[in-house]
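Peer 1: Build the complex from these two chains, which are given one at a time in their own frames, with help from the hints.
Residue-level listing of the chains:
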Amino acid sequence: MTVLLLAVAILVFSGLAALLATASPRAATTLGAGGAVVACAMGLIAAVPFLFGAPAESLHLAWSVPYGSFFVEVDALAAFFLLPIFVLSALAAVYGAQYLLTWRGRKSLGAAWLFYNLLVASMVLVVLAHNGVLFLLAWETMALSSYFLVTFEDEQDTVRHAGWTYLVASHLGTAFLLVLFVLLGRGGSLDFDHFSSANAGALFLLALVGFGTKAGFMPLHVWLPEAHPAAPSHVSALMSGVMIKMGIYGLLRTLTFLGPPPPWWGRLLIAIGLTSGVFGVLLALAQHDLKRLLAYHSVENIGIIALGLGVGLLGVSGGSSALIVLGFGGALLHVLNHALFKGLLFLGAGSVLHGAGTREIDHLGGLAKRMPWTATTFLVGAVAISGLPPLNGFVSEFLIYLGAVNGVTQHAPGAVPLLATIAGLALIGGLATACFTKAFGVVFLGQPRSEHAAHAHEAGAAMRWPMALLAAGCVLIGFCAPLALRPLAGMLHLVSGLAPPVISEQLAGAAGPLRFLVAGSVVFLALVAALAWLRHRLLAGRTVAQSVTWDCGYAQPSARMQYTASSFAQPLMTLFAPLLRTRRTLAAPEGYFPRAASLTTATPDAARVALYEPAFSGVAWVLARLRWLQHGRIQLYVLYIALTLLVLLVWKLG
Amino acid sequence: MRAISLIQLFSALVFSPLMLGVINRTKAWFAGRRGQPLLQAYFDLYKLLAKGAVYSRTTTWVFRAGPVIGLAAVLVAMPLVPLGGAPAPLAFAGDFILLVYLLGLMRFFTVAAALDTGSSFEAMGASREVTFSALAEPALLLGLAVVARQTGSLSLSGMYAGMAMETWRQAGPVSALVAAAFMVVLLAENARVPVDDPNTHLELTMIHEVMVLDHGGPDLAFILYAAALKLWVFSALLVGLVLPLRTGHAWLDVASALGGIFAVAVAVGVVESSMARLRLLRVPQLLVGAGALVALALILTLR
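Residue numbers (the numbering used here), protein chains in the order written: chain R, 1 to 654; chain X, 655 to 957.
Just to be clear, a hint being listed does not mean it is correct.
[To be verified] Now the stretches of chain R that chain X is said to cover, found in silico as 3 or more residues with beta-carbon under 8 Å:
(1) 296-305
(2) 367-381
(3) 394-402
(4) 415-422
(5) 568-574
These are computed hints drawn from the structure, not numbers from a lab. Backbone N, C-alpha and C define an ideal beta-carbon position, used for all residues, glycine too.
Isolated chain X, as found in the complex (with noise of 0.2 Å):
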């Protein structure tokens, strides 16, 4: 295992929760205000750290087990994850489909978690993440199978090795629609504007946040820990996809995709500053429409 490999694992622990910052920094110089230090979700993390908790007496064990189980997951994911071309630290043939199906065990038991509490509120929002999720995951897969074809590798590490700034000349439309079709999953799966909005906590629209409302103390700062490894993850999916640098200098490459992965969190921020969210019935057409942009990409590569 090199050196590259395990700095990149570090940057992803340490840095995913400077991305939330930046998305809200995005957002207040947009709405001109100063916004909230770049540091905050450090800060939100030591106070819920540090804090107690109540819990609902309906609840039982899957109440307390949902937030370690899923942070335990996505933390197994993160080794998968490479960034710059460089090689993770783990990388074997099909690792995206355990790097998917990792994330869908977070779900399985955040949802498990929010229907202990036998609050419709909770139930509510847990019957929508399992509904979206349920289109996102298709197109998810389906892209990376897509990358997996034109690369010719089986493995995350691999794939995003193969792809090069040549890849755009040579297969252009291919990775446009790919990476379209990523950042809608990158949107939807992580509970941002159009799909879902992480600042309303008490609205009947909401999803991400509404799941994990009986949750506090060191439990919510498990869930938000792994909300911000979640971004790194699609963040670095789609920064391999769209900024493949390749300069032949290894820790330059990284350095690119580490600036990039902070562009992706800007372009969040920009996301959610221009546009409204959109209606609930209208979202699986939009992930429905993320999964178009795959196939229409299929077709392409099939040519």
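With the rest of the complex left out, here is chain R (with noise of 0.2 Å):
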């Protein structure tokens, strides 16, 4: 526990010292990166031992603060979460101090460390926090200092924009939490270990709202492919693959204060899944801006661990214990999982940007020659994130399947929205396929569609280091996948409440078919191996020739002649047009010499355009019909708080 405060200490006073060296930016580099590397470190082998049984500690001390208390407390469930904090924070921060020096000279770099840093130790506290009143605090401090990331190219006005919108959608969520503690905190205390739980059916919609706006559930994402693509993109990692899962953590906190979830709750989560994720990733589809991409897979990915997460709540509900560890256990190894790819991901889209000098999917292309080593990350990033062996985003999508299954051949009550999971699971896996062959292909193999492209960089050693040692975390738990479950046991006895004999024995009966799958993937590294070595041996020896991509004997191919992104995801596009409702506008070519024709598309989020943006125009219209109350006058001012105060003087005399 100290060693944790001291390192959530570091990452503060880190901050502010990068802060007071801005004016070197080499220095304040050093001081934020080199900070938050350290406290990292030190906060990762503090954090692992509760992972293997350690039991929880605590740390309580009186706060003058009404209703609040410095009550920390460290247990398997927060142990879960901070690994992915620790680990993609320190990597994202090694990335960073290479990539923000671009902006050496233009931007207050001690600001953009001190930032960084205050919002990874919000992050350890806001796991950490057993009080309310702190962990709301925390809570805040990590959307506002996430704020100043994402604003950070603040010249740019789409940046601005969505820093705005993060802000207004970042706060709404924080009023249902508000308010989900005062509720949750009616016996007179908001220490997390004197909350009452009555009314759990209204607490638990309001921890959905809540935290739900933070993990980025539909529709309460619209914030998220705004804030970001916007930020710069060691931040984008560590938005996308640590602090939306806040949410997910904040939400199985909760779990742990209502007691016995009836099976409405169950479903209702199913259904969020699968709207989160089938709509996450064909929006992703449609997009053509590569962290936009991106951040609409992390809206599927979030989608994924809500699938995994209702499975486990119709466990807990139903008394099966094999859904509650199979579903619980692969939600949260999918928080992991998809820290790991997702940070990978982010950190290859900001090499491209920073190679290339855009992020525009349609102007790249043919990458992997002039960046090997981002083009081979990315590729590991892309096949895990699409759930395939052997990787490890199959493991946790495995277990999810595996816990759906289960449920319906026991017959067990629930069968319709197991199987709604499993048909949900297997249309996303698919379309993620999809998106992903379109991200990779495009951007990183065939011709480069324009100078930029043509000129692009490999990122240096700092950028790049990141990136394998993510890739390899991707290898690694794809291969010791019965390994990986059990750090899952201490945290599953927290969720649902089972007991701790029952969940090692449902743990060992899941390592059986990973063991096999560990084995299906050794056997297939080997007939790669095999096979490669045979197709090398068969052409020793023989002509292998080099020539063009055959091209139906057309005499000028180009490379603008090539599939673009939105030509890959063109027929998908067509088939799901009426839940996309993609605008185009077309400029057909004309005549028999036609000379320029376009066409551009765009997809729009559909929650965006249909539920919020009218609503908060009525909100405005509403509020504009008040604006009489303000004229500028100090005396009538002066009037208003004399009349509030009178008010209040009247209502406690009377």
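Peer 2: Structure follows, in structure tokens:
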């Protein structure tokens, strides 16, 4: 515990030191990134034992804030979420140290590092906090520090707009959490161990909206595809990889207060998971901006996590320990896995932006030749996020599948949501493969579609190594899948209240198939090696010629004739057109010798267009009616104050 | 691991290219031609393995890795597939999920290799492949989940061992619906009429053949062999459902299932001879139709 708090202190002070040293970008970077790496390494070492059965440790200090107390505790659930925070923050800091130097002299790097370190520190504190006031304080620090990171390039109009959307969404979510904690703390104390769980259904809904806004459940996700692409790439990696998982953490922590869940909670989470998953991946397919595409994939992956949580909750309400362990276990493992591969992909997108100067997918192409490191690690991330074996994404999705199929064959109640989970995961998987073959294929393969892409350069070593390490993590979890189950035990006990022996038994049961998966993966690698060797032997001594791609006899092929991301996704876009409402503007070629023609497609977020814009303009309209209250005369304002005091006085006396 | 399980695996590895011969012979018979030799696919494989290769200057290592990874993925999937009620060499809870996702891995790299050529022709095929597979995959997995629910088993071997002629008597409509959906998925995933036409190399309407247009030599041999194995996998899944003969003699059951697999090849040939290919816009409707059949089967099992 002491070490963890020390890590938080190092983060805060190194951030402040970086701000003071902002006159020298090098010094600020060294202080900020160095502090983050040191603190994360310390925190990681301190947190890991709690995953393997070390008893929870807590610290309770009095605090003068009303209802507040400095109550922090680290248990298995907290330690599990600390793991991705520390790993990804440290790697993203190393990456950012080089990435941010582009802005040297134009921006205050000291401030950027202060907010980065504050963001990491506040996430750690969110996970540790066991008092409502402390939690909300950390939650707000997290929202504000990330707001300042999102608006790093605040000279751009779109970035300011994205930051504003994020700020509003974040605070609307917090408003729900405020109500949630007030209701939970009706017993008079806001310490987590004194919470009352009356009206659990209403509390669950409040938590779902409040934490779901941060996590990006559809349709509360609108800020996510705006804010994540706007931030510098290492911050996008951190936000997408870890920060949105704080919403999942909050939801899980709340579930531990609420007592036994009725079946509709699980059904509702599965419905949310299906909506987020399917719409998330469809909207991702429609994007032309690499980072925006990745941001929508975060919505999809949060959907998969919600599906797992829903399966687990159905297990709790139906009393099926297999469903609990496989559903919650798969969801939690996916939290960790998504942190690894989404972090990796955002860092890769950052390298593309850094090396080629654009994140417009249709302007890229052929980067694999100029950026081999980035291309290879991005490919690993793409396979992992598509949930394909032998990498980590498949392991967590497999557990969720297995939970759902288990429930279906046991004829457990709630077969319909479980079957919907299976169909949904299959559809999401197929569409994710479509989306990532598009993203990888169009950006890294083929020929460069623009001058930018033709002259791209590989990222520096400090940016390559974090990507390589994250890719190694994806491979490692894929190949050590049965071992990855062990740290889940303590947390599953906290979340589901299931007895530890039952959990160990179920986990041992789940480890069986996973051992087969690993064996299959090893055989797969051996076969790949054997076939590659065979091919090499067969071709040795024969003519292996180089030529142009076969072009159907066309005389003047050019790079611009290649399929683009938009053309690749077009059949799926047409198929799901009623859901997506893509806008097409076509200037068709005319005449026998057409001069210029153009086609523009844009897919605006349906939730934003249909739900939020009307709602917010409605609010603005209503508030505009009250404008007569405000006309700038001091005397009247003083009168308002006096009247308010009078009313309060009367109310108090009467 | 019993001998009969290994025999299944070996017959799949050895006889899968023969299915292509049977399909072609059936089509030739319908057209009143003599047709290719039955063993043509083997000759093709031999010829291709003995050739050199030509690579486009646009391509990277991804293009060369595509066929290798695709074949390795489907080879790993082969020991999971049971035949004739006898268990497969490998069986574990949830193995059918691994099977489907290994085929997904194969698709990922075939598509990536196609995009690596920078040819809009191949990218077009790739785009269609991912579109149709995304629709076929839910039908396949849900169909397998129905079988799992009917037999109460989580592994392919257990599921198919639990099938018997009795199943048809008790829940005939369910099996029939799932079998029909599997047939559609088989045709779609293996690039057959009415979804794709394996005979057309240079038409704007095809899918699989165009993706592998730039591959040659041993690479193309790997691709052809992987495609034959994939056809075998889907046929075995279909035969186990349609023809669950249980005579009491394990060898006889496996032999009948092998016969069933070649009957599927004949059926594919009949479909190819008697139907035109659907317009591409209609293909999603066919696949969603397969999904609807499975959903109907589900409703029947949920009663």
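Peer 1: The structure should be examined with respect to each hint, and the outcome stated for every one.
Peer 2: Consistency of the hints with the structure:
1. 296-305: This one is violated; 0 residues, fewer than the three required, reach chain X with a Cβ under 8 Å.
2. 367-381: Holds: 4 residues of the segment 367-381 of chain R have a Cβ under 8 Å from chain X.
3. 394-402: Since three or more residues must qualify, the claim that chain X covers the segment 394-402 of chain R holds, with 4 doing so at under 8 Å.
4. 415-422: holds (count 4)
5. 568-574: Three-residue rule met by the segment 568-574 of chain R, so holds; n is 5.
Consistency with the previously given hints fails for number 1 only.
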